[in-house]
Structures are given as C-alpha cells and as structure tokens.
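J.: Listed here are the chains, written in short residue letters.
There are 2 protein chains.
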Amino acid sequence: MTVTPARRAVILVSGGMDSAVTLALARERGFTCHALSVAYGQRHASELEAAQRVARALGAVEHKTVDIDLRSIGGSALTQDSIAVPDQAGSGIPATYVPARNTIMLSIALGWAEVLGAGDIFCGVNAVDYSGYPDCRPEFIAAFERLANLATKAAVEGAALRVHAPLMRSSKADIVREGVRLNVDFAATVSCYQADRHGRACRRCDACRLRAQGFADAGVADPTLYV
Amino acid sequence: MTVTPARRAVILVSGGMDSAVTLALARERGFTCHALSVAYGQRHASELEAAQRVARALGAVEHKTVDIDLRSIGGSALTQDSIAVPDQAGSGIPATYVPARNTIMLSIALGWAEVLGAGDIFCGVNAVDYSGYPDCRPEFIAAFERLANLATKAAVEGAALRVHAPLMRSSKADIVREGVRLNVDFAATVSCYQADRHGRACRRCDACRLRAQGFADAGVADPTLYV
Chain A
0 MTVTPARRAV ILVSGGMDSA VTLALARERG FTCHALSVAY GQRHASELEA AQRVARALGA
60 VEHKTVDIDL RSIGGSALTQ DSIAVPDQAG SGIPATYVPA RNTIMLSIAL GWAEVLGAGD
120 IFCGVNAVDY SGYPDCRPEF IAAFERLANL ATKAAVEGAA LRVHAPLMRS SKADIVREGV
180 RLNVDFAATV SCYQADRHGR ACRRCDACRL RAQGFADAGV ADPTLYV
Chain B
0 MTVTPARRAV ILVSGGMDSA VTLALARERG FTCHALSVAY GQRHASELEA AQRVARALGA
60 VEHKTVDIDL RSIGGSALTQ DSIAVPDQAG SGIPATYVPA RNTIMLSIAL GWAEVLGAGD
120 IFCGVNAVDY SGYPDCRPEF IAAFERLANL ATKAAVEGAA LRVHAPLMRS SKADIVREGV
180 RLNVDFAATV SCYQADRHGR ACRRCDACRL RAQGFADAGV ADPTLYV
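Chains as they are written, first to last, in numbering that gives the first Met the number 0: chain A, 0 to 226; chain B, 0 to 226.
Chain A on its own, in the form it takes in the complex:
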C-alpha cells in the first residue's frame, strides 16, 4: 500500500494578515507548505520577522527568504526613502505601489516551486479592501498562471501549475473571520507600511486603516500592536 504524499505548495508569506490566512487555508486543504518571503528592500523589514513567526506558527515545513535589491530600481514609497508613505488614501494608485512587485515575487515563487516539484503557488492578494494595486486583480493572477504554464521545464514536461489567490474576493472582515476560524494569531502579523523595528504599526497608513476597519467590521477585537 502506498500513501499519497501530501502535495507541496509554495506560499508567499509577507508577514501581513492576508498571507497568514492564505497559509492557514493552504494547510487546511492538505498541502505541505513551503513559505517564501522576499526581502526586496522594503521599509518595513519587521514584516520579514513577522513572516518567519507566521510560517512557524501556521505549520509551514520551511521558510525561505530570497533577497532582491529593488531599492536599486526605486519608484515606490516602500523602496525609496525620498518618497513618503501617504497618510490618507488619495485617488488612483498610491505611492506605496512597488513597480512589478507581485510579478517579481510570483516569478521567484515559480522558480522555487519548480525546484521543489510543487504544482501550486498560493498568494494573499485581494481586490476588495485593497490599495488599488494593478497586480492584485484576478486578471493579473490568471495571466501569471498562463505564463507559468509556459515558462518552466516542469510545464514542458506536462506538470500544470496553479496559482491560488483564495482571498481575492474576500472583504477584510471576511479575512478576519477566516483567520479567527483557523486560529491565526493576528497579533503576530505586521501589515503596516512603516512599522517600527518592533513591528509596531503607525495606525495612519492605508494598510493600517484597511486592517483596523476589517477588525471593526468583523466585530473582532483588534490585537494589532500600535506605536
């Protein structure tokens, strides 16, 4: 008798709440989870420490952080010190948008998935209560999945790759409720764009406001550590 081995998946884990819930969902679906973070020179490096805590707490078998220097490109409030993180959501795509960030992170996930023999990638992108980033939309994820199925040796050899974004159509309150159901420790997560080195949130940036509203709407006490 052979036992079917659990399928491997690569989960993009940023340290924020959405990717934490995504990891918990992937585990619930029976995947062996390999957590991936990308250190791209973001302001909020405490996010990466949160990612490590989240990966361990939610049962990832390993956690890898890949370094890429997106500061050398700049063009975002998150990777260029001369651009401030806005306090209020304005119109249009905000200054915290990082050019091609999700394309780059999914590409790295694709490379690691191929090395692992994993046929599934999970990411926590969301197009409801979000900052309006173009690379968080369903059509972007679908286009990446099409690309991925042409890009690799595994694809040529017939292995299909699926890109899952299980929270794509969830409100922030839905995400909070899913996390509560799955015992996600939200206090361990960091969403703030400019968290201090202890991971304490600013309460003012777009990410903080969306997150706080999610807890309020879900009727769940907000466990976030604020400065």
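Please keep in mind that the hints were generated in silico from the structure rather than gathered at the bench. Every residue gets a Cβ at the ideal spot worked out from N, C-alpha and C, and that includes glycine.
When the alpha-carbon atoms are kept at most 25 Å apart in a straight line, the in silico SDA-like pairs for lysine to any residue are as follows: (1) A:K63 x B:A38; (2) B:K63 x A:D80; (3) A:K63 x B:D68; (4) B:K63 x A:A94; (5) B:K63 x A:D66; (6) A:K63 x B:A94; (7) A:K63 x B:S71; (8) A:K63 x B:D66; (9) B:K63 x A:D68; (10) B:K63 x A:Q79; (11) B:K63 x A:A38; (12) A:K63 x B:T64; (13) B:K63 x A:S71; (14) A:K63 x B:A76; (15) A:K63 x B:G40; (16) A:K63 x B:S81; (17) A:K63 x B:Q79; (18) B:K63 x B:L47; (19) B:K63 x A:R70; (20) A:K63 x B:D80; (21) B:K63 x A:R42; (22) B:K63 x A:G40; (23) B:K63 x A:T64; (24) B:K63 x A:G73; (25) A:K63 x B:I82; (26) A:K63 x B:G73; (27) A:K63 x B:R42; (28) B:K63 x A:A76.
Partial list, computed: chain A residues near chain B (C-beta under 8 Å): (29) V65; (30) T102; (31) L109; (32) D134; (33) E138; (34) A142.
Chain B: place on chain A using the hints.
T.: Chain B only, in chain A's frame:
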C-alpha cells in the same frame, strides 16, 4: 517646436553575444537604451563584467545590475555548485536551465521600465540555435507581454508595454552576421557557462559550442578568448 524625445527602452544585457546584438539593434531603432543585468548568483560572474563593457561600448545611457540570490533556490548547474555543467548536449532540457530565470529577469525589467517611463523591453532570447529552455520560446515572450500589460500602474493608465525579442527566429550565424553589420565587438562578450574569472571560455559547454558553430557557419573568425 517640440522635438520628440527618443523612446526609452530597457535592454536585458547578460554579457553574451545575443543580448549584445539585441542592444545594438535597439540603438539602431532609435531607442534610448537602459541596460539591465541581473546578478543571480551565476557561476559565470565574468559575464557581468562583460555586460558592463558591452553596455558602454554599444551606447547604453546607463547600466544597472540588480542582485537577486537565486542560489538560495538552486536547482541548476549555474546556481548550485553540486550540479555540474554538462560537456555535451543530452536529450531534453539541460542542467544549465535555471528555474524561472527569464520570468524573473523580465519581471525586474518590467519594474525598472515602469520607473523609467519606458514602454519597451528588449531581450536576446532565441529559439533556433539554443539550449531548449522553455522560457526562450515565442509563446513565452507573448505570454509575458500579456501579463506585463496587466501588471503595472502604467498599464492601468493606458501605456502599452512591448517585449521585443528581435533574435527569436535567427540562427546563431544570422546573429553573428547582424553583430558584424552593427560593429559589435564579440571579443568583449562572454557566452560560456563556466568562463574563468578573466572571461575565458571553456570551449566545451553548450553555450560555447553553439557560439563557435555560429562563427563557423557565418564564415567569421571566432574572436572568443578560450582557456
């Protein structure tokens, strides 16, 4: 009277001959060329020095090298020391294939293009005299272009992005002839997968053999520096 500014393009320049000819073609077409290399932990770091020489010699206005640690993922003879570079082409996709490399490099190019306001990316991929890598095929480039046109703030705002692979259907001999026509100094380029630190080629790997055959077929003296 306003003068139309030259359009900006990002050119992926590896240090090899194909991307050098691609840069020369982009210049000939009138683009202001921003050369991009990716230091991904490749064995052949002398390629990156060649990239810098090539960018300067062929009139790029700047040359940027972005670091990404693909050694942390491994899975290729080029990024994992325990996997040898094969001397002979076998059947199938060779061990020098780097998982998702072109997806990752094009993604970085996309990010930089957006910061620069460039609407064109050039890369030197080729699907004729090549190593059989899946991410060198025309359908891969087309899928990346579709993705790029969904991925960015520029795309949302209506700016189209084109991904050019002008050598896609050229033989290696055609590429040599184009380079000669465009005064590309092939002696400055390094194609070898395991060039030594002086950029001297091994003469045995797949990249060396394809290159040498190209010069032979074109009837051009091979200026490559061999060990």
